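Asks: Each chain, letter by letter, is given below.
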Amino acid sequence: AQSVTQLDSHVSVSEGTPVLLRCNYSSSYSPSLFWYVQHPNKGLQLLLKYTSAATLVKGINGFEAEFKKSETSFHLTKPSAHMSDAAEYFCVVSGSGGYNKLIFGAGTRLAVHP
Amino acid sequence: EPEVTQTPSHQVTQMGQEVILRCVPISNHLYFYWYRQILGQKVEFLVSFYNNEISEKSEIFDDQFSVERPDGSNFTLKIRSTKLEDSAMYFCASGTTANTEAFFGQGTRLTVV
Chain A
1 AQSVTQLDSH
11 VSVSEGTPVL
21 LRCNYSSSYS
31 PSLFWYVQHP
41 NKGLQLLLKY
51 TSAATLVKGI
61 NGFEAEFKKS
71 ETSFHLTKPS
81 AHMSDAAEYF
91 CVVSGSGGYN
101 KLIFGAGTRL
111 AVHP
Chain B
115 EPEVTQTPSH
125 QVTQMGQEVI
135 LRCVPISNHL
145 YFYWYRQILG
155 QKVEFLVSFY
165 NNEISEKSEI
175 FDDQFSVERP
185 DGSNFTLKIR
195 STKLEDSAMY
205 FCASGTTANT
215 EAFFGQGTRL
225 TVV
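From first to last, the protein sequence lines stand for chains A and B. The letter at position 25 of the first sequence is residue 25 when you use our numbering, and the numbering goes up by one with no holes. The letter at position 76 of the second sequence is residue 190 when you use our numbering, and the numbering goes up by one with no holes.
If you're looking for bench data, these hints aren't it; they were derived computationally from the structure. Keep in mind the model is a prediction, meaning the values are calculated, not measured. Incorrect hints may appear among the rest.
[To be verified] Coverage of chain A stretches by chain B, computed from C-beta distances (three or more under 8 Å per stretch; other residues unrestricted):
| # | segment |
| --- | --- |
| 1 | 30-43 |
| 2 | 101-110 |
[Said to hold, decoys possible] Straight line, CA to CA, 30 Å or less: simulated DSSO-like cross-link-like pairs of lysine-lysine:
| # | chain 1 | residue 1 | chain 2 | residue 2 |
| --- | --- | --- | --- | --- |
| 3 | B | Lys156 | A | Lys68 |
| 4 | A | Lys42 | A | Lys58 |
| 5 | B | Lys156 | A | Lys49 |
| 6 | B | Lys192 | B | Lys171 |
| 7 | B | Lys156 | A | Lys58 |
| 8 | B | Lys156 | B | Lys171 |
| 9 | A | Lys69 | A | Lys58 |
| 10 | A | Lys49 | A | Lys69 |
| 11 | A | Lys49 | B | Lys171 |
| 12 | A | Lys58 | B | Lys197 |
| 13 | B | Lys156 | B | Lys192 |
| 14 | A | Lys68 | A | Lys58 |
| 15 | A | Lys49 | A | Lys68 |
| 16 | B | Lys156 | A | Lys69 |
| 17 | B | Lys192 | A | Lys68 |
| 18 | B | Lys171 | B | Lys197 |
| 19 | A | Lys69 | B | Lys192 |
| 20 | B | Lys156 | B | Lys197 |
| 21 | B | Lys156 | A | Lys42 |
The beta-carbon is built from N, C-alpha and C at its ideal position, and this holds for glycine as well.
Please take these sequences and the hints and turn them into a complete structure.
Replies: Here it is in structure tokens:
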């Protein structure tokens, strides 16, 4: 069975400093992995996806993530945080059996301070 | 840019009443989903729908739930007899294929009182 563990429920950074949101996954086969972001009172927006192509994936708004099979990790990073990055971030793995059943992590709330 | 739209944004209903949550997926998508997020908990898969039938459903999706694509554009989730524990944010999503990303709507916040 597939599962996702987001290692931090809350992360707080200062504006202009790097962001690291950690995610480990468990999958019995080569997974597709995603990061979604949810701003307050908004829907879920896709940041980036990994689907067995390049292991370093670039997404929107300067975010990127690196798929490390040996560590079963898919951490999300950004070199320099912006105030508008404050949101909830979800690491997501696709389930087995097709039809794109997505399994969500518990989420990491990112706070960005001036 | 095409997007998934959900209505209403907020629905308040009395326990035992039926509710219908509505979604308009992106027009060329073939795979449709409902997820829910109870306050403070994970986003959970409810059901996937393809080719006019349910392709997979979770344990949560019991007999009080049903989905329908009544015409070429809408995708609905019906809860027949709402319970207090059905209070949650319900997200509709759609995708082009089974193994690509899903695009989510803004969600409908359902409050059962």
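Asks: Evaluate each hint against the coordinates.
Replies: Hint check:
no. : hint                : in the structure
1   : 30-43               : holds (count 5)
2   : 101-110             : holds (count 7)
3   : B:Lys156 - A:Lys68  : holds (24 Å)
4   : A:Lys42 - A:Lys58   : holds (22 Å)
5   : B:Lys156 - A:Lys49  : holds (19 Å)
6   : B:Lys192 - B:Lys171 : holds (14 Å)
7   : B:Lys156 - A:Lys58  : holds (25 Å)
8   : B:Lys156 - B:Lys171 : holds (17 Å)
9   : A:Lys69 - A:Lys58   : holds (17 Å)
10  : A:Lys49 - A:Lys69   : holds (15 Å)
11  : A:Lys49 - B:Lys171  : holds (24 Å)
12  : A:Lys58 - B:Lys197  : violated (42 Å)
13  : B:Lys156 - B:Lys192 : holds (21 Å)
14  : A:Lys68 - A:Lys58   : holds (15 Å)
15  : A:Lys49 - A:Lys68   : holds (14 Å)
16  : B:Lys156 - A:Lys69  : holds (24 Å)
17  : B:Lys192 - A:Lys68  : violated (41 Å)
18  : B:Lys171 - B:Lys197 : holds (19 Å)
19  : A:Lys69 - B:Lys192  : violated (40 Å)
20  : B:Lys156 - B:Lys197 : holds (19 Å)
21  : B:Lys156 - A:Lys42  : holds (16 Å)
When held up to the earlier numbered hints, the structure conflicts with 12, 17 and 19 and fits the remainder.
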